[in-house]
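Engineer: The residues making up each chain are set out below.
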Amino acid sequence: AQKITQTQPGMFVQEKEAVTLDCTYDTSDPSYGLFWYKQPSSGEMIFLIYQGSYDQQNATEGRYSLNFQKARKSANLVISASQLGDSAMYFCAMREASLGYSTLTFGKGTMLLVSP
Amino acid sequence: SAVISQKPSRDICQRGTSLTIQCQVDSQVTMMFWYRQQPGQSLTLIATANQGSEATYESGFVIDKFPISRPNLTFSTLTVSNMSPEDSSIYLCSLGSYNEQFFGPGTRLTVL
Numbered sequence: 001a002q003k004i005t006q007t008q009p010g011m012f013v014q015e016k017e018a019v020t021l022d023c024t025y026d027t028s029d030p031s032y033g034l035f036w037y038k039q040p041s042s043g044e045m046i047f048l049i050y051q052g053s054y055d056q057q058n059a060t061e062g063r064y065s066l067n068f069q070k071a072r073k074s075a076n077l078v079i080s081a082s083q084l085g086d087s088a089m090y091f092c093a094m095r096e097a098s099l100g101y102s103t104l105t106f107g108k109g110t111m112l113l114v115s116p
Numbered sequence: 001s002a003v004i005s006q007k008p009s010r011d012i013c014q015r016g017t018s019l020t021i022q023c024q025v026d027s028q029v030t031m032m033f034w035y036r037q038q039p040g041q042s043l044t045l046i047a048t049a050n051q052g053s054e055a056t057y058e059s060g061f062v063i064d065k066f067p068i069s070r071p072n073l074t075f076s077t078l079t080v081s082n083m084s085p086e087d088s089s090i091y092l093c094s095l096g097s098y099n100e101q102f103f104g105p106g107t108r109l110t111v112l
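Residue numbers (our numbering), protein chains in the order written: chain A, 1 to 116; chain B, 1 to 112.
There may be inaccurate statements among the hints.
Derived DEER-like restraints, expressed as beta-carbon distance ranges [what the hints assert, rightly or not]: (1) B:65 <-> A:26: 37 to 43 Å; (2) B:18 <-> A:40: 44 to 50 Å; (3) A:55 <-> B:15: 44 to 50 Å; (4) B:64 <-> A:57: 21 to 27 Å; (5) B:62 <-> A:116: 28 to 34 Å; (6) A:116 <-> B:54: 48 to 54 Å; (7) A:15 <-> B:18: 42 to 48 Å; (8) B:73 <-> A:14: 42 to 48 Å; (9) B:54 <-> A:99: 15 to 21 Å; (10) A:31 <-> B:12: 42 to 48 Å; (11) A:42 <-> B:15: 35 to 41 Å; (12) A:116 <-> B:28: 25 to 31 Å.
For the record, the hints were derived by calculation from the structure and aren't laboratory data.
Just so it is clear, CB atoms sit at the ideal spot from N, CA and C, and this is done for glycine as well.
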C-alpha cells in the first residue's frame, strides 16, 4: 500500500483564489511528521511547511496552511490568495519515527497551474 | 536553514561513463541524504551518508553503482557509475532534522 497518496495529478486555480491540495497517508507509527514541498520547473525542492503528529494546532507559514485531520489521516495543503509564481509541482512527504527519521517517503505529486 | 550547493548543476554523459556529483553545505551536519528523481516521478532515497562510516543504501540501490563519500561534516559526493539512459534523473542531496528537511538545487543528469 502506498504510504502517501496524492489523488490530484493536476489542479487549476485562478490568481487570488485559494486552493487545496490533497494528501492522505498511511502509517501505524504514532510518531511521524508530514512535509509539503514545492518543485518549480527549475527542479529545486522548496520546503514549505511541516506538521508533527503530536502538534495540536494546524501548521501555518505565510500563505500556506496545513489542514491536518489525524483521524482521517489527511494532511491537505491550503494555499491562500494564489499567485502566478505558485505554479509548480507540489509533493507531500512523511517521515516516521520507527525508521529513525532517516527517510522521507514522497507522494507522486500534484501539478498546480495558476491562471491570470 | 543551511545553504546547500551542488556541482554540476547539469550534465550530459555517454553511457558507460561515470559522473561524480558534489554536495557542499555551509554548516556541519551529521547526516546527509542522496535522493533520485526520475523523469515525471517522485523522489526516492538512494542512501544516507554519515561522516566516518559507510553509507547506508536503500533497497534497490547498491554501493558499486552509487558509491558515496563523506570525508567531513560539510561535504559529500555521489558517483553514478557505468551509466545507462535509465540513470537520467535529477539527483539531490539533502539534510535536515526531525521537523525540517532541505534539499540542494539538484543535478540534472542526462545519459545518452
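Engineer: Indicate, hint by hint, whether the structure satisfies it.
Structural biologist: Structure-based check of each hint:
1. B:65 <-> A:26: 37 to 43 Å: 30 Å, violated
2. B:18 <-> A:40: 44 to 50 Å: For residue 40 (chain A) against residue 18 (chain B), whose Cβ atoms are near 29 Å apart, the range 44 to 50 Å is violated.
3. A:55 <-> B:15: 44 to 50 Å: The hint (44 to 50 Å, Cβ to Cβ) holds, given that residue 55 (chain A) and residue 15 (chain B) are roughly 47 Å apart.
4. B:64 <-> A:57: 21 to 27 Å: At 47 Å between Cβs, range violated.
5. B:62 <-> A:116: 28 to 34 Å: 48 Å, violated
6. A:116 <-> B:54: 48 to 54 Å: With a Cβ separation near 52 Å, residue 116 (chain A) and residue 54 (chain B) satisfy 48 to 54 Å, so the hint holds.
7. A:15 <-> B:18: 42 to 48 Å: 46 Å, holds
8. B:73 <-> A:14: 42 to 48 Å: Between residue 73 (chain B) and residue 14 (chain A), where Cβ atoms are some 47 Å apart, the hint holds.
9. B:54 <-> A:99: 15 to 21 Å: Holds, since residue 54 (chain B) and residue 99 (chain A) (Cβ atoms, about 19 Å apart) stay within the stated range.
10. A:31 <-> B:12: 42 to 48 Å: 43 Å, holds
11. A:42 <-> B:15: 35 to 41 Å: Violated - the Cβ-Cβ distance for residue 42 (chain A) and residue 15 (chain B), about 26 Å, lies outside 35 to 41 Å.
12. A:116 <-> B:28: 25 to 31 Å: With Cβ atoms ~45 Å apart, the hint is violated.
Violated hints for the displayed structure, listed by number in ascending order: 1, 2, 4, 5, 11, 12.
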